[in-house]
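Given the structure of chain A, go ahead and fit chain B onto it with the hints provided.
These protein sequence lines map, in sequence, to chains A and B. Residue numbering for the first sequence is 1268 to 1744, as defined by this note's numbering. Residue numbering for the second sequence is 380 to 470, as defined by this note's numbering.
Hints may be right or wrong, so weigh each one.
In silico BS3-like pairs for lysine-lysine, Cα to Cα no more than 25 Å straight-line [what the hints assert, rightly or not]:
(1) B:416 - B:447
(2) A:1732 - B:442
(3) A:1637 - B:416
Now the in silico label distances, taken between C-beta atoms and shown as ranges [what the hints assert, rightly or not]:
(4) B:417 - A:1568: 21 to 27 Å
(5) A:1688 - B:381: 53 to 59 Å
(6) A:1667 - B:434: 55 to 61 Å
(7) A:1616 - B:450: 25 to 31 Å
Keep in mind that the hints were calculated from the coordinates and are not lab data. It should be emphasised that the depicted structure is a prediction, and the values quoted were computed from it without experimental measurement. Backbone N, C-alpha and C fix where the C-beta goes; we use that ideal spot for every residue, glycine too.
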Amino acid sequence: MQLTDGIVAIVKRDCPTCTLLAPVLAELRASYPGAVTVYSQDDPSFPESIGGALDDRELEVSFALELDTVPTLLRVEDGKEVARIVGWSQPEWIEFTGVDALGANLPPYRPGCGSRTQDPAIAAARATREGERDLRARRVDLGDEEDDAEAMFARGWSDGLPVVPPTPARVVRMLAGTTRGAQDIVAVIPPDLVECTVEKVAINAVMAGCLPEYLPVVLAAVEAACTDDFNMHGLLATTWFSGPVIVVNGPITRAIGMNSGINALGPGNRANATIGRALQLVIRNVGGGRPGEVDRATLGQPGKYTCCFAEHEDAFWEPMHVERGYQASQNTVTLFAGEGVRGIVDQISRTPESLTRSFAACLRTTAHPKLPLAFDAMLVITPDHLRVYEEAGWSKARFREEIGALLQIDGREMVRGASGIEEGIPESLAELTLPKFRDGGMLIAHAGGGAGLFSGIIGGWASGKMGSEPVTRELRS
Amino acid sequence: MTTVLDPTSERAPGTRERAKRPATLDGATIGLLDITKARGDVFLDRLAEQLETRGHTVLRFAKPTFTKPAPIDLRHEISTKCDVVIEALAD
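Next comes chain A alone, as it looks inside the complex (with noise of 0.2 Å):
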């Protein structure tokens, strides 16, 4: 920015300290051998002294020169300032300017108020305007008639729920949510295999109703999802119920309010609604996988428009991440591809051997109950329900062990035509004993309401590499 040579000021009308400067203004103006120019930052009539001053009401000039303080004086040599004051000091102004007496009847030393550059509002509307300047994304100029809830629906990036107008200030609002760059690549999405930057992922976040803070819990989960292990291009277009099941942990979820417990698979939480709703509109919009497309699914759930919760995690089993192999510390996603959520009753045992066999009973009903490990599924234990393994001592692992031993299953029972049913396993496996669930099948997690004595079963999808093996990761900030 080019200044004038000579004297610089930054004023304000609403500073007591420049308007008892405005004689002392004048004086420099008469006495002071060079230039001196004034701005003024809220009225460019003041200082009437010297017949106003220069409109910096916009504080380009004042935002240029960084400044805190008003009154701010300079000097500036060949366009550039050599030196600052700020505030009142009779003898540091009388020094700076070389004007002798400036100020007699003025008292010796005032401080300075603030530039309005420090103003919380104007400081947050001016980051968000330069912010604007970095989005990469195509502007679209809704019509001036056009309702903009309705204008979503229109243009077809909605999930058929009313979605958040992605407004520029609002995704650069969402972007303050993370360090990353707007231009970072997160992740190919599918099924138009679309590289999708943290902008996009961001304006789909604001669509879904996040909050900043939620965008890296969004970005971590959109990466999980586009990995080849978790396979959402195949989860996208399979026919099956399934859609991708978000589980945090870590000290964000209490960070960002997540909800593990009452309802924590329903509505009413923030976080846990929007931030799988921005997943699956980041799929739709950026990746192009829309129902009836490449969503395939014969009937769908509800799960596909948002599934996300956080884990319970002060309990006695240790929580789904650091069983994956992550510290308790360390924020992570897991993400699983899941069916409809479907409940456990067991109102009655109080050991965990019997309680164990109700799991086992419900969950090889997975899918069907004479299918083995074609399907993965994610056990969600409850309070009540849990309560009855910690009064008894079992610690996680010796449950799963438990539960294994239970879900081997006698090939006998799964052929097809057992039971009356034509479903089933070739008769060659007639003599095998199979497991329902493949090593590493079965997740566990824990959340739900302290009243209740039921579990959820949600079930999984093609399991492993034939499929979806669930994908744990850490977020960045």
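For chain B alone, kept in the frame of chain A given last:
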């Protein structure tokens, strides 16, 4: 007027040229791609039988899993060895 940012990939709605259809199958090598869904092979076996009876050369291919797109190597192999390809879908 409200301005919003495009949440999509911003790809122009692309139209792809379809490969030219052969006027005749005489002398053509025909690839049969099994996506490995249950009983897709039953259909393809019968198709192969019919085509071979009519004197066509038939090559068989299979995707490792129906849940994922065919690997690029497989697609390349089919495109270099075959003049036409028939992919059987199940369900």
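A quick look at each hint next to the structure:
Note on residue 416 of chain B and residue 447 of chain B: the hinted pairing holds, with a Cα-Cα distance of about 12 Å set against a maximum of 25 Å. Distance check on the hinted pair: residue 1732 of chain A and residue 442 of chain B sit about 13 Å apart at the alpha-carbon level, within 25 Å; holds. Restraint check for residue 1637 of chain A and residue 416 of chain B: satisfied, since their Cα atoms lie roughly 19 Å apart, inside the 25 Å limit. The supplied range of 21 to 27 Å is met by residue 417 of chain B and residue 1568 of chain A, whose beta-carbon atoms lie about 23 Å from each other.
Range check, residue 1688 of chain A to residue 381 of chain B: Cβ separation about 57 Å, and the 53 to 59 Å hint holds. Between residue 1667 of chain A and residue 434 of chain B the beta carbons are some 59 Å apart, a value that agrees with the proposed interval 55 to 61 Å. In this structure, residue 1616 of chain A and residue 450 of chain B break the distance hint of 25 to 31 Å, their C-beta atoms being roughly 48 Å apart.
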